[in-house]
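> Sequence:
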Amino acid sequence: MIEDLLLPLVCERYRTDLAYREGHRKIIAPKPGTVILGLHTPELKQVAKSLARREDWRETLDAFAREKRLSHDERMVWGLMLNYIICPLEDRLRHVDAFIPAIDNWAICDNFCCNAKWLAKLTRPRKRRSESASFADPPQKSPADNHEKEAVWKWIEGHFSARDEFERRVPIVLALAYFLGPDDMDRTLAAMAGLKLREGEPYYIQMAVAWLLATALARDPDKTRSFVNTGIAAGTLPRDIVKRYVRKARESRITRDTPAL
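For our numbering, count along the sequence shown from 1 and bump the result up by 1269.
Since the hints were derived computationally from the structure, they do not count as laboratory data. Some hints could be false.
[To be verified] The calculated lysine-lysine pairs, modelled on DSSO-like cross-linking and capped at a C-alpha distance of 27 angstroms, are:
#  : residue 1 : residue 2
1  : Lys1300   : Lys1492
2  : Lys1314   : Lys1337
3  : Lys1386   : Lys1423
4  : Lys1512   : Lys1465
5  : Lys1390   : Lys1318
6  : Lys1517   : Lys1295
7  : Lys1390   : Lys1492
8  : Lys1390   : Lys1423
9  : Lys1512   : Lys1492
10 : Lys1465   : Lys1423
11 : Lys1318   : Lys1337
12 : Lys1423   : Lys1492
13 : Lys1314   : Lys1300
14 : Lys1295   : Lys1492
15 : Lys1390   : Lys1465
16 : Lys1337   : Lys1390
Generate coordinates for the entire structure from the input sequences, incorporating the hints supplied.
Shown next, in the form of structure tokens:
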């Protein structure tokens, strides 16, 4: 759909080096038949920002949603555009709902989720203070921010029950990226317990939950260990996910010396 914008930005090495091209494809692990043009993330962001600034960005998003044969790179741009557009939260979430069924690999999922600065602004305290505020007082979010944050959480909760592997991964990655602060840790862990996970879940669900738990361990070790050990004892946290969590915790520079269990 926008190949004419993307092809000039493909790096020369991807065009000419077969081994590099195959390695790139292997990392992404796309579904069979997926076209990969080979753009790197900075170039994808460049295109997405340009499209998001145009007056017809809504028409572009609607065209993406109608198109049935998008390349991997076009889906990446689509997801990034959703993070760059300026619009009310309700409109953004409606466009995200149209995008989620098009996510068919971990890279598209995580690229969208981890670049959602609009969500980071809602879930992390603002640094600006009023003139009357004490410098000892912690930054505060406005009532409007809190309202929108809760609206996003409710929206995320509605996606935990999705059946598709990557539709299910989206809310997990959003939760680990933006809802593991002190005010949200309990409900995020409770949401993981509510997933009713079993042995042999799809690989990218296992990895997302393990990643979330390893991130939680860095934020609140005692609470995370308690959650994991309770889940093991109750049989609600599958052993295969626990093993991946322990491995991620050990591989992380931040938590490699922190007991995972």
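> Of all the hints numbered above, which does this structure not satisfy? Sort the numbers upward.
1, 14, 15 and 16
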